[in-house]
Amino acid sequence: MSARPEAQAAAPLAFQPDESLETFSDMLARSIVGKAGKDWRTELWPTLAELGAFAALAPEERGGYGGAHTAAIACRVLAQAGIVSPFAISAATVARALAQIDRADERLGTIVRSLEDSAAVATIALHEEDALPSLLDPKSVLVRDAGGYRLTARKRMVAFGAEADWMLVPVRSAAGGTGIALIERAKAMGALKPCTLIDGTPAADLELTEYPLREADVLATGEEARRLLLWMADAFAAAQCAESVGAMRALVNTTAEYLGTRKQFGQPLSANQALRHRFVDMEIMLAKAETMATVAAAAVDAEDADDRRRIVATARYIVTRSAWKVSQEALQMHGAIGMANETPLGRYFKRLLALSLWFGDEDASLNAAFA
Amino acid sequence: MKMTIGTLGGTMKGLFTPEEQAFREEVRAFVRENLPPDVAERLKSGSHPVPLRSDVQRWTEILHKRGWAAYPWPKEYGGPGFTPVERYIFEDECAMAGAPELVPFGLKMVGPVIMKYGSDHQKAYFLPRIVRLEHFWCQGYSEPGSGSDLASLRTRAVLKGDRYVVDGQKVWTTSAHEADWIFCLVRTSTEGKPQNGITFLLIDLRTPGITIRPIITIDGRHEINEVWFENVEVPVENRVGEEGKGWTYAKYLLEHERLNFGGMGFCKRELARLHEMARTTMRGGKRVIDDPLFRTRLAALEAELATIDLTNLRFLREAQAGRQSALHAPVLKIMSSEMQQAISELQLRALGTTALPFMPSDAATNRPHQYAAENYCNMRKTTIYAGSNEIQRNIAAKGLLG
Numbered sequence: 001m002s003a004r005p006e007a008q009a010a011a012p013l014a015f016q017p018d019e020s021l022e023t024f025s026d027m028l029a030r031s032i033v034g035k036a037g038k039d040w041r042t043e044l045w046p047t048l049a050e051l052g053a054f055a056a057l058a059p060e061e062r063g064g065y066g067g068a069h070t071a072a073i074a075c076r077v078l079a080q081a082g083i084v085s086p087f088a089i090s091a092a093t094v095a096r097a098l099a100q101i102d103r104a105d106e107r108l109g110t111i112v113r114s115l116e117d118s119a120a121v122a123t124i125a126l127h128e129e130d131a132l133p134s135l136l137d138p139k140s141v142l143v144r145d146a147g148g149y150r151l152t153a154r155k156r157m158v159a160f161g162a163e164a165d166w167m168l169v170p171v172r173s174a175a176g177g178t179g180i181a182l183i184e185r186a187k188a189m190g191a192l193k194p195c196t197l198i199d200g201t202p203a204a205d206l207e208l209t210e211y212p213l214r215e216a217d218v219l220a221t222g223e224e225a226r227r228l229l230l231w232m233a234d235a236f237a238a239a240q241c242a243e244s245v246g247a248m249r250a251l252v253n254t255t256a257e258y259l260g261t262r263k264q265f266g267q268p269l270s271a272n273q274a275l276r277h278r279f280v281d282m283e284i285m286l287a288k289a290e291t292m293a294t295v296a297a298a299a300v301d302a303e304d305a306d307d308r309r310r311i312v313a314t315a316r317y318i319v320t321r322s323a324w325k326v327s328q329e330a331l332q333m334h335g336a337i338g339m340a341n342e343t344p345l346g347r348y349f350k351r352l353l354a355l356s357l358w359f360g361d362e363d364a365s366l367n368a369a370f371a
Numbered sequence: 372m373k374m375t376i377g378t379l380g381g382t383m384k385g386l387f388t389p390e391e392q393a394f395r396e397e398v399r400a401f402v403r404e405n406l407p408p409d410v411a412e413r414l415k416s417g418s419h420p421v422p423l424r425s426d427v428q429r430w431t432e433i434l435h436k437r438g439w440a441a442y443p444w445p446k447e448y449g450g451p452g453f454t455p456v457e458r459y460i461f462e463d464e465c466a467m468a469g470a471p472e473l474v475p476f477g478l479k480m481v482g483p484v485i486m487k488y489g490s491d492h493q494k495a496y497f498l499p500r501i502v503r504l505e506h507f508w509c510q511g512y513s514e515p516g517s518g519s520d521l522a523s524l525r526t527r528a529v530l531k532g533d534r535y536v537v538d539g540q541k542v543w544t545t546s547a548h549e550a551d552w553i554f555c556l557v558r559t560s561t562e563g564k565p566q567n568g569i570t571f572l573l574i575d576l577r578t579p580g581i582t583i584r585p586i587i588t589i590d591g592r593h594e595i596n597e598v599w600f601e602n603v604e605v606p607v608e609n610r611v612g613e614e615g616k617g618w619t620y621a622k623y624l625l626e627h628e629r630l631n632f633g634g635m636g637f638c639k640r641e642l643a644r645l646h647e648m649a650r651t652t653m654r655g656g657k658r659v660i661d662d663p664l665f666r667t668r669l670a671a672l673e674a675e676l677a678t679i680d681l682t683n684l685r686f687l688r689e690a691q692a693g694r695q696s697a698l699h700a701p702v703l704k705i706m707s708s709e710m711q712q713a714i715s716e717l718q719l720r721a722l723g724t725t726a727l728p729f730m731p732s733d734a735a736t737n738r739p740h741q742y743a744a745e746n747y748c749n750m751r752k753t754t755i756y757a758g759s760n761e762i763q764r765n766i767a768a769k770g771l772l773g
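Going down the list, the sequences are from chains A and B. Under this note's numbering, the letters of the first sequence match residues 1 to 371, in that order. Under this note's numbering, the letters of the second sequence match residues 372 to 773, in that order.
Any given hint could be a false lead.
[Said to hold, decoys possible] Chain A stretches covered by chain B per the calculated footprint, using a threshold of three residues with CB under 8 Å from any CB of chain B: (1) 120 to 131; (2) 354 to 367.
[What the hints assert, rightly or not] Here are the computed lysine-lysine pairs in the DSSO-like style, where the Cα-Cα straight-line distance is at most 27 Å: (3) B:Lys446 x B:Lys415; (4) A:Lys263 x B:Lys616; (5) B:Lys657 x A:Lys139.
None of these hints come from the bench; they were simulated from the model. By construction, the Cβ of each residue, glycine as well, lies at the ideal position given by its N, Cα and C atoms.
Make a model of the complete structure from these sequences and hints.
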């Protein structure tokens, strides 16, 4: 079974309906019904692999297509189904970044292929003490040592940090240069302290003191490291925009259904003009978010670093603003049942809450868009 | 507390009489000297949006010795007979210092109903037990099909001899798992308008046939419950007033509850926590409190809080002068609940990603967890409970537009 469209010579035109991508989206949506809350590695990954969701994100020379746009579709569909998985951070972000490293390194090639065929999962340690990601000027420091390096790092809330096989760790050298170190989970388990985030994402703090690394464990330094880190931040933010759109779509659909079926005062809630108008406002906020999430995905592959940052930050500002409001309105219109943890509504509410904070609230994105 | 815009109502000159200012000082000094630090710390840490019963019990006993445990009540029922403004000052000082809110279901809800409509026996038996918190009360109103449309409730009570037999289900019942008694609206007749067949019963939660099941809310906590009744026998002397008049009593209670919805002291305490979060969280290499966009949000929030606080005070002055408007209660409830949510939202924005670990132990995060995300989720209840804000707007619109 494959939903793969014809390989495309150029990136798809934004907003242009594309039947093959729609087929991919529909097939994915159908095949993941009931998988929310299940173990992603055993329940979800084989399905995604079978549909070609990982392979699709590989570079064209290895048979991939569509890049960030396809990633966005998958992220949206997964989030709409209520699924929390490392797809956005691993397949849509780290795997695609590692594939950009042009270096004759057999181990790196093996890792990239294992990520592209879904045998392995990778993550990146975005945060230190600061509430915003610490990518270009982290406090984690890499010191030269005989035959390699020593890494002293303190990273917080690494998404899937205790699950991912590989972790990218942004570092600085003693001289202040930027670098990316690669940590193998199997060798660093003792340094990981797991916790669960409010949307159910498993995360882990990483604490390393003078942890020995080999030469090859430093994947990139200097300008290349900067370029890759900025690309990953934008790719992950764009993927999260798509996830937010999926979660918002689920909430809007659920709210429409509830307004139509819940009766008070002898009529469905949808008979109340005030609620009808508020519901339409939710759809308008979602429409804006859909537009800008699509634009963000397009920018990830098409634009140079400065324009890309501005576009993704602008998109994230709109998407995040919509996410706060849509999630609050959906819960309010459900009334008390919206407060109960047993319904899916609360999970989407908390998903949007978490997605709205990874790169700061919309103020942070506005700052970034304007910078 | 350092004066900020948001706490204007407590510090500005010309708002209170010298006697009221002296009263504020007296309450402040009493709270400072008598509120157990561990109780205050639990609330100020944000870990318990609804205080522990044991903490409320301790604070109630301390207040009782001073004659303040029934602070909203008139002297004849064991209260201090505060004026509305004194009551406002009392709640303000207690909440800002981190004192647990006293159980509203007894003090502010069923207590006033019993005073107004209860029998002499009910007054003599129940009121003193509410004061000492010997009876912890909860409220049995909402049902699965009857929330905003409360009058459609279906829990049945049939009079058999000298007892009502109650069957049905209540839901979203706050603190039922900690409570001793529940006051319930039940249906005793299906004739005529739905409002006319409702009766107000006081039910001992230890009565056989009652089952309480927890409902975990989206913040991961256990605060609300389902309460099931199966052949529950309630002595007829536990009916308040007349059969079929429960709706009248309930309306009186709802109005009473909403008039007392201020919650401004709670808001000011949370505002102080917000300042602390913004001072100690770094965002993009600088303190959140120094970020211009955040400062704009904070200043706007504080101006809004001061406005609501002062509007609350204005309404109380007008009520004290006999100029109460039907608009006061719904408007206060709407403003106050939305303010509580706005503060919790800005707390979350201030902490950013550092708020994301869910109910962790401090050991897991190497820092005190401030529960901003959990409490943001929890505070969503304030625009839903006690008559949703949509219902409040309907009430206000009906009053204004007919």
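Hints, verified against the model:
no.	hint	result
1	120 to 131	holds (count 4)
2	354 to 367	holds (count 9)
3	B:Lys446 x B:Lys415	32 Å, violated
4	A:Lys263 x B:Lys616	25 Å, holds
5	B:Lys657 x A:Lys139	14 Å, holds
The structure does not agree with numbered hint 3 stated previously, though it agrees with all others.
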